[in-house]
Amino acid sequence: MTVTVLLFASYADVLGRGSLSLDLASGATVRDALREIQSMPGAERLPMQPLVAVNERYARVDRVLADGDALAVIPPVAGG
Amino acid sequence: MTVTVLLFASYADVLGRGSLSLDLASGATVRDALREIQSMPGAERLPMQPLVAVNERYARVDRVLADGDALAVIPPVAGG
Amino acid sequence: MRAALVHRPIDAAALTKEVARHANGATLLFIGTVRDVNDGRGVTGIEYTAYESMAERELADIVHEASAEFATTDIVVEHRLGALDLGDASIVIAVAHPHRGAAYDASRYVIEQIKRRVPIWKREHYVDGTRQWVGASTSARPVTDAVETG
Amino acid sequence: MRAALVHRPIDAAALTKEVARHANGATLLFIGTVRDVNDGRGVTGIEYTAYESMAERELADIVHEASAEFATTDIVVEHRLGALDLGDASIVIAVAHPHRGAAYDASRYVIEQIKRRVPIWKREHYVDGTRQWVGASTSARPVTDAVETG
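Taken in order, these protein sequences are the chains called G, R, E and F.
So the first sequence is residues 47 to 126, counted in this note's numbering.
So the second sequence is residues 47 to 126, counted in this note's numbering.
So the third sequence is residues 25 to 174, counted in this note's numbering.
So the fourth sequence is residues 25 to 174, counted in this note's numbering.
Calculated directly from the structure, the hints in this document are not laboratory data.
Please note that the accuracy of each hint is not assured.
Unchecked claim - Counterexamples of contact, computed for chain F against chain E with all Cβ distances above 12 Å:
| # | residue |
| --- | --- |
| 1 | 25 |
| 2 | 32 |
| 3 | 62 |
| 4 | 76 |
| 5 | 127 |
| 6 | 136 |
| 7 | 139 |
To be verified - Covered stretches of chain G, going by a simulated chain F footprint (3 or more residues, C-beta under 8 Å):
| # | segment |
| --- | --- |
| 8 | 54 to 60 |
| 9 | 115 to 123 |
Idealized CB from N, CA, C, for every residue including glycine.
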């Protein structure tokens with residue numbers, strides 16, 4: 047299955063892009079997806095357990111992903 | 047000695063005026079002045095112990111008055 | 025830092041500008057307005073009156089206290105007197121501060137102290153044509169307000 | 025009740041009007057502005073960016089939560105995105121309520137939840153020409169922000 051990963055702000059900078067596609071085995075969780083992302087060049091500057099959202103809602107790392115999900119890796123928010 | 051009494055809002059209404067002069071014995075206190083005021087027509091609608099200010103500062107009833115003082119009888123405030 | 029009684033509409037935007045400085049990250053504006061209902065009675069307008077010289081002194085004291093307590097000089101208060109219609113602003117408190125927590129606390133301090141201490145009174149006019157002085161809870165004892173037919 | 029991300033200056037007076045109703049006695053306006061100093065560094069401006077679709081959903085959720093908790097539908101929030109100069113408003117929260125206590129509490133709830141949950145980020149530009157993403161304290165672990173030469 048394929049998941050779209052969205053990156054923002056400092057995370058987009060360290061990975062050099064704002065989005066990417068991940069091919070994952072069926073049943074893969076957010077944790078599995080993060081492991082893939084953290085193996086990419088520059089990702090050593092990401093935190094071990096970043097905040098994530100699946101389809102625009104905050105999600106836990108054991109959340110099971112589905113084909114077509116949008117997984118956003120959320121840097122520390124600084125709105126207001 | 048003479049003290050100027052200032053009345054406001056509902057208190058001015060019940061006494062039918064906004065100010066009056068009181069002649070008091072030397073050494074008279076706020077309590078003495080209030081007793082005089084409370085003997086006037088209409089004053090039965092004043093509370094027994096209204097808030098008072100002497101020369102624009104809140105004062106206690108045992109405050110000794112001086113000639114020329116401005117004694118304000120302060121209805122419940124309702125600003126804002 | 026400024027406090028005033030005014031006999032004209034209050035310009036909230038002007039007060040906001042008056043407290044603006046580049047060191048401030050938070051501006052809080054409290055606007056008190058005339059409501060159409062109070063204690064279940066329909067209100068058509070309010071007259072505000074004051075012991076003006078003392079009220080201005082108390083307002084100035086409150087602003088100074090808030091400035092010292094919350095570490096900002098960017099506090100401006102105007103309280104309107106006279107006849108106000110529904111929706112008119114009777115008071116605007118503008119506070120600016122580098123940080124939002126202190127801005128909220130300072131604003132709240134100023135309005136609560138004004139409600140408690142400043143010798144300002146209001147007479148509500150009701151839909152049935154009567155009017156009545158409004159008593160707050162700060163008097164030494166409860167007061168029966170004078171009621172008249174308007 | 026309304027929440028929006030905008031890419032133009034925020035009109036605080038328009039938001040104030042939007043929450044005005046004769047049933048309300050208190051209007052509270054929170055205005056967040058770009059400060060000239062943060063953590064001791066001189067700031068010349070801030071870029072705001074967001075995960076816009078999620079940010080709008082979170083903002084709407086927060087406004088609905090505040091509306092339910094504090095019993096008023098008169099809450100409007102606008103958050104600005106893009107390049108802001110010193111003193112520009114990044115956010116305005118307008119809340120109106122019959123009573124002031126609930127107006128303060130609702131306003132505070134909205135800003136605190138926004139700071140905690142809404143996926144918006146800012147990059148500060150400093151007087152020395154550098155710029156840096158600002159990390160809040162809500163991440164699972166501390167993050168070393170990327171620092172670049174502007």
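Next on the checklist: Output the indices of the hints that this structure fails to meet, ascending.
Outcome noted: 3, 5, 6 and 7
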